[in-house]
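The lines below spell out each chain.
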Amino acid sequence: MKFVKKASGIALAAMLAAGLTAGCGGGGGGEKKAADAGKEIVVGVNAELTGNVANYGKSMLSGFELAVEEANKAGGVDGKQIKVVTADNKSEPSESGNAATKLVTQNKVVAVIGPATSGCVAAEEPVLTANKIPLIAPCATAPGITLQKDGKTKPFVFRACFIDPYQGDIMAQFAAKDLKVKKAAILHDSSSDYSKGLAEVFTKVFTANGGQITTDEAFLAKDVDFKASLTKIKATNPEAIYVPGYYEEVSKVIKQAREIGLTCPMLGSDGWDSPKLVEVAGKEACNNGFFTNAYTAEDKDPVVQKFVKAYQGKFNKVPDVFAMQGYNAGLILFNAIKTAKTTDGTKLAEAIAKTKDLQVANGKLTYDEKHNPITTALVLELKDGKMTLNKKIGG
Amino acid sequence: MESGFLHQLVQQLINGISLGSIYALIALGYTMIYGILKLINFAHGDIYMLGAYIGFVCTSILKLSFLPALIVSMIGAALAGMVIERVAYRPMRNAPRIAILITAIGVSFFLENVMILFASPQPRTFPAVFTATVYHVGAWVVNSQQIVILVSALVLMVALTYIVNQTRAGKAMRAVSFDADAARLMGIDIDSTISMTFALGSALAAAGGVLVGIYYNSIDPLMGMVPGIKAFVAAVLGGIGIIPGAMLGGIILGVVEALVSGFISSTFRDAAAFAILIIILLFKPQGLMGKNIREKV
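Order-wise, the sequence lines are chains H and E.
Following the working numbering, the numbering of the first sequence begins with 1 at its first residue and continues without gaps.
Following the working numbering, the numbering of the second sequence begins with 1001 at its first residue and continues without gaps.
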């Protein structure tokens, strides 16, 4: 008991000390900024550094830090060094608003990168819009976050990734034009908006391209047995099956589809991107599997490889898609500061919206009028358990 | 495909029976424990998960083959079941039933979170203990794993029926379930009989867990939640407290799920399963096998 008390006392002291230094650091930074006005640009990162999606937030932050390091080494942006201030939103939307308020009021940031997840971005956005500070969400895919209720584009909100429906579009075209499939079946996760949205767009685009959907079946997250649905799908004789969803269920879908003798191509979305997919489904079962993604470290494109090497040099691991998008968000922001030649929020947001053919880690990037980037999409093919690049679209 | 409908029907029955036999294995434990303690043991689904993890350790780390792994996992889960009963339920023997029910929910959360802590929430890949051979019988497809599941489930159910009906311990279990006070007066050790029931029920759930691990190739700490509820439905469907009822309920549930997904829509699958439960309870509140003179365990 005594030990516990002591330990918690030490922990408390440590926390207090950390709080104090952080406080001092922040305050000091503020004063310094006043003194050195014009010498550095303070950018905030609101990230999921703890909590259940901490790995997304951490990767995103690492990617952004790499972009900052490169920009500062090259003499800064518009002649000024970039200074990063981070705030942890603990993977919770309620904390995300607080983190944004802290960045804006205490740290006086000129722009905010992050958070990674759409829910946290939605919670942060009102704070930044009220203060006229632009926000780039590197990997928030929900279509609604850049739009107001009346359908108009929010002036200060941008993202650095493609939106969910775009993937369904790409895969439908790939199925119709590259795989020359005429009849496809769909098996989607009816408990996930992501999966439902993709299935909808796939159906629309695939039928517009002359294809036919034989049947659209559904499952729920955490389901383990798909044989009944797959048997039904098999009876409709599809030439391909679209399974937008996350690897946990998809891996079992693929395994069981092959077991009941469905040999046709299996098509999917970026939720497939995990080594667990091949582990659970088995290498052979995964052959003839295709899915859309924004990026792969296996891409031999020199632009991509340059980013991968730089990232590995700094963090000693292969960058994932969140790191790539965090890095891209940095490039987008610095480019806009250069062209706007100011850090005034309104002008900066206008400059970001005008981003056109910007060279980013995975290709070229241009914003559409809804502040969604038109950027590279990849179709990856699973071959003997390896993800290989089959087709690159845009960028 | 002229005989498309008949062909599909048989294939869906194969799918449904293999799924249903797993529900039945878990439902047996529910029903036995309810029969003897009038307790709905919500931790039962997690014992199933625990069994799957013991099986995982046996096959992937200790490199045991299928049968030894199954037996070790059943023994491990039986011990766990006895410990849970001793620690969590026995002190509550005379408490109001709602208190024991809440304790059961607590045990369930405890097991799930301890497993998340030690084994991480990530799903694990179950090693392939035997290669899955696919048999084509006519136009139908049967997987060797489906056969193994069905055979193991049948053997275990026969063994259980034998233990309950033909052995002294089984007789004691039936007596305690029928009237605990009278059984005590007859000199039956109630505590050890209840302990024995938990051991048997948990061992069956663990067998279900290992079979599922092999069949679906992946296990995770929360894998027991949904099958736990489904098996509970199966037990109530067949008449809770009645052993053959749990088997029947499990198989019916599996077959209904497969047929509904196959012929109506997969979105109605769970709705149909629960709708059948409601209909049966409306017309036969004791469950399908519930009779006036109930032979309970």
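Hints may contain errors.
To be verified - Here are the simulated lysine-lysine pairs, BS3-like style, with alpha carbons at most 25 angstroms apart:
| id | chain 1 | residue 1 | chain 2 | residue 2 |
| --- | --- | --- | --- | --- |
| 1 | E | K1284 | H | K255 |
| 2 | H | K58 | H | K108 |
| 3 | H | K283 | E | K1038 |
Said to hold, decoys possible - Covered, in the sense of this in silico footprint (three residues per stretch, anywhere, with C-beta under 8 angstroms from a C-beta of chain E), are these stretches of chain H:
| id | segment |
| --- | --- |
| 4 | 213 to 227 |
| 5 | 376 to 385 |
As the list claims (entries may be wrong) - Some chain H residues near chain E, calculated using beta-carbon distances under 10 angstroms:
| id | residue |
| --- | --- |
| 6 | T50 |
| 7 | K177 |
| 8 | N209 |
| 9 | K234 |
| 10 | E248 |
| 11 | S251 |
| 12 | K255 |
Simulated from the structure, these hints should not be mistaken for laboratory data.
All values derive from a computational prediction rather than experimental measurement.
Cβ atoms here follow ideal geometry from the backbone N, Cα and C, with glycine treated the same way.
Here's how the hints hold up against the structure:
| no. | hint | in the structure |
| --- | --- | --- |
| 1 | K1284(E) - K255(H) | violated, 40 angstroms |
| 2 | K58(H) - K108(H) | holds, 22 angstroms |
| 3 | K283(H) - K1038(E) | violated, 48 angstroms |
| 4 | 213 to 227 | holds (count 9) |
| 5 | 376 to 385 | violated (count 0) |
| 6 | T50 | violated, 16 angstroms |
| 7 | K177 | violated, 29 angstroms |
| 8 | N209 | violated, 26 angstroms |
| 9 | K234 | holds, 9 angstroms |
| 10 | E248 | holds, 6 angstroms |
| 11 | S251 | holds, 7 angstroms |
| 12 | K255 | holds, 6 angstroms |
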